[in-house]
Amino acid sequence: MKALEDLVTLFTRLPGIGRKSALRMTYYLLKADPRFAQSLAEQIAGLQDQIKFCSVCGSYTESDPCPVCSGLDRDRRILCVVEQPQDVITIEASREYRGLYHVLGGLLSPLDGIGPDKLRIASLIQRIRKSRNESVPIQEVVLATNPTVEGDTTALYIRKVLEQEGVAVTRLATGIPVGGDLEYADRLTLARSFRGRMPL
Amino acid sequence: MSFSRIRLVSYRNLEDAEINTAADRVFLIGENGQGKTNLLEALYYLSFGGSFRGQVDAQIPANGVKGFGLKGYWKNNSILEDEIEISVQNSVKDIRLNGKPVRDRKELVGHNPSVVFCHEDFSFAAGEPELRRFFFDQCAGMISLDYIDILRAYRRVLKQRNAALKESAYDLLEVLDPQFVRYGQELMAIREIIFARFQKQFPQLYEHVSQLGKPVELEYRPNWPQGAGFEEILQFVESKRDIEIIQGTTRSGPHRDRWNFVSGGESFTDTASTGQLRLVSLVLRVVEAIVYAETVEAQTGTRQWPVLLLDDVLLELDVGKRRRFLELLPGEREGAQAFFTFLPGEPWTEYASGDTLVYRVNHGRFEG
Numbered sequence: 001m002k003a004l005e006d007l008v009t010l011f012t013r014l015p016g017i018g019r020k021s022a023l024r025m026t027y028y029l030l031k032a033d034p035r036f037a038q039s040l041a042e043q044i045a046g047l048q049d050q051i052k053f054c055s056v057c058g059s060y061t062e063s064d065p066c067p068v069c070s071g072l073d074r075d076r077r078i079l080c081v082v083e084q085p086q087d088v089i090t091i092e093a094s095r096e097y098r099g100l101y102h103v104l105g106g107l108l109s110p111l112d113g114i115g116p117d118k119l120r121i122a123s124l125i126q127r128i129r130k131s132r133n134e135s136v137p138i139q140e141v142v143l144a145t146n147p148t149v150e151g152d153t154t155a156l157y158i159r160k161v162l163e164q165e166g167v168a169v170t171r172l173a174t175g176i177p178v179g180g181d182l183e184y185a186d187r188l189t190l191a192r193s194f195r196g197r198m199p200l
Numbered sequence: 001m002s003f004s005r006i007r008l009v010s011y012r013n014l015e016d017a018e019i020n021t022a023a024d025r026v027f028l029i030g031e032n033g034q035g036k037t038n039l040l041e042a043l044y045y046l047s048f049g050g051s052f053r054g055q056v057d058a059q060i061p062a063n064g065v066k067g068f069g070l071k072g073y074w075k076n077n078s079i080l081e082d083e084i085e086i087s088v089q090n091s092v093k094d095i096r097l098n099g100k101p102v103r104d105r106k107e108l109v110g111h112n113p114s115v116v117f118c119h120e121d122f123s124f125a126a127g128e129p130e131l132r133r134f135f136f137d138q139c140a141g142m143i144s145l146d147y148i149d150i151l152r153a154y155r156r157v158l159k160q161r162n163a164a165l166k167e168s169a170y171d172l173l174e175v176l177d178p179q180f181v182r183y184g185q186e187l188m189a190i191r192e193i194i195f196a197r198f199q200k201q202f203p204q205l206y207e208h209v210s211q212l213g214k215p216v217e218l219e220y221r222p223n224w225p226q227g228a229g230f231e232e233i234l235q236f237v238e239s240k241r242d243i244e245i246i247q248g249t250t251r252s253g254p255h256r257d258r259w260n261f262v263s264g265g266e267s268f269t270d271t272a273s274t275g276q277l278r279l280v281s282l283v284l285r286v287v288e289a290i291v292y293a294e295t296v297e298a299q300t301g302t303r304q305w306p307v308l309l310l311d312d313v314l315l316e317l318d319v320g321k322r323r324r325f326l327e328l329l330p331g332e333r334e335g336a337q338a339f340f341t342f343l344p345g346e347p348w349t350e351y352a353s354g355d356t357l358v359y360r361v362n363h364g365r366f367e368g
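Sequence order for the protein chains is A and B. Sequential numbering of the first sequence, starting at 1, is according to my numbering. Sequential numbering of the second sequence, starting at 1, is according to my numbering.
What the hints contain is simulated information worked out from the structure, not anything from laboratory work. Heads up, the beta-carbon is just placed ideally off N, CA and C, and yes, glycines get one too. Only true hints are included.
No farther apart than 20 Å at their CA atoms in a straight line, the calculated lysine to any residue pairs in the SDA-like style are these: (1) B:LYS214 x B:GLY320; (2) A:LYS160 x B:PRO178; (3) B:LYS159 x A:GLY113; (4) B:LYS106 x A:THR189; (5) B:LYS66 x B:GLN55; (6) B:LYS166 x A:PRO116; (7) B:LYS159 x A:PRO116; (8) B:LYS66 x A:ARG19; (9) B:LYS159 x B:ARG241; (10) B:LYS106 x A:LEU182; (11) A:LYS118 x B:LYS166; (12) A:LYS20 x B:LYS93; (13) B:LYS93 x B:PHE48; (14) A:LYS160 x B:ASP171; (15) A:LYS130 x A:GLY166; (16) B:LYS100 x B:GLN89.
To give a feel for the contact side, a few chain A residues facing chain B, derived at Cβ under 10 Å: (17) LEU111; (18) ASP112; (19) GLY113; (20) GLY115; (21) LYS160; (22) LEU188.
Using the sequences provided together with the hints, build the complete structure.
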């Protein structure tokens, strides 16, 4: 059954999907309401046409600029720099942050040939400079890259290039997770927690 | 800790079986190529989730089979037994400790570690500095689980740094260097501790067995200035920049630290005989076991020895050295378990005690 096998092969290309899961999904679709299968196919086919990158922040959006960049209720003094568009969705889900975003599109990694020119760092600098002519200029840049070697390298690099731009540069705190247990924290996390300790 | 039994499935030439190992000493007697070392390897695999022979998972399954399985049981401090189960199928490894999946092999280190004494250890005494670093990194990983994380992070920054040098991305060095120095300093700090603890034991134990008459000491020579602070080391790293740009590689850091053996102010490695160097590697392993036992005692109040796996090590020692070397091993009352391999002609009965299990190994079959 070539049609069945072809679909299984396509599903296995998706992240986190092995052959067993792909087979289960394919058999499910075979038995499902045809309208569901049709709707799923249309959504998948139209996804790349409908979802684009926001020309301002680089996040995923259906309208350009995205709702965050054009939102009147956002705090325009603060800009959060993230690695990828998914990070915007994660931070938005926390409902804790009401500022703007800037998506880098990756992290600095000389091993993978990713230098500053491959990331949206120049556009970040342009955006900060342009905001000086607006009623509310950007005053703080929050670096929210992952606490990995590449994430830290990228954060340190951005801090360096923003030195002369007259904005405060901050980094997301790292340390013991809320509800976590000191006993189970690894030394690197504990060491970072001590470095980032705060007065009560 | 001690293994009470072990189950083998498709493991090299060993017959699928469950083997009782509930004894302080387990002797494996057989001709070469019968499977004695393979059993030691299986025990080591259960301790750390990998072989002491390197990355050999693909070579382990018995002929015509795509995977292998191991199960080990050991008594913990309660009435229950702990169980570790490892299966490798089509190059996918699954490790379960008491039924729960283990994501990172380093999680196994603190449970039932073992120390293997094998012929290849000779390279720690006589081989390249890199091999000695490997040995002491292994020891540091056993006494400090965080050392493994720090070493991984250091190596990652080092790789990125070397790539930046090769790709002429020099502006990135400025942001990579602070991380490079920070992780490097943490490695150095733990290595200093390891050095102090080895140096406390090694010279006297080596003298006890060798009766050389002049002390053989361990020396730790960090590549970065000893005792220097963060800023000073950062400047030291930067001072190498020009030569690094020419050579396209990192020229300083803990990956270039040296561990030496010295006697009378000279390199012992350069002047010692093969037998003397062989003994260095054996005593290093004994000290590794002692340092681990002391670490657990400091943390829990109870001295806990790793399982000792001795592969043909007595064969190369003369009678006196054999006796004195065995005196270094923890006694049976201390609850240390040791597995020994012997050739049939060796006087293994001299080393047996009340609680010794003896297996004849023949074509992968163990007969008690």
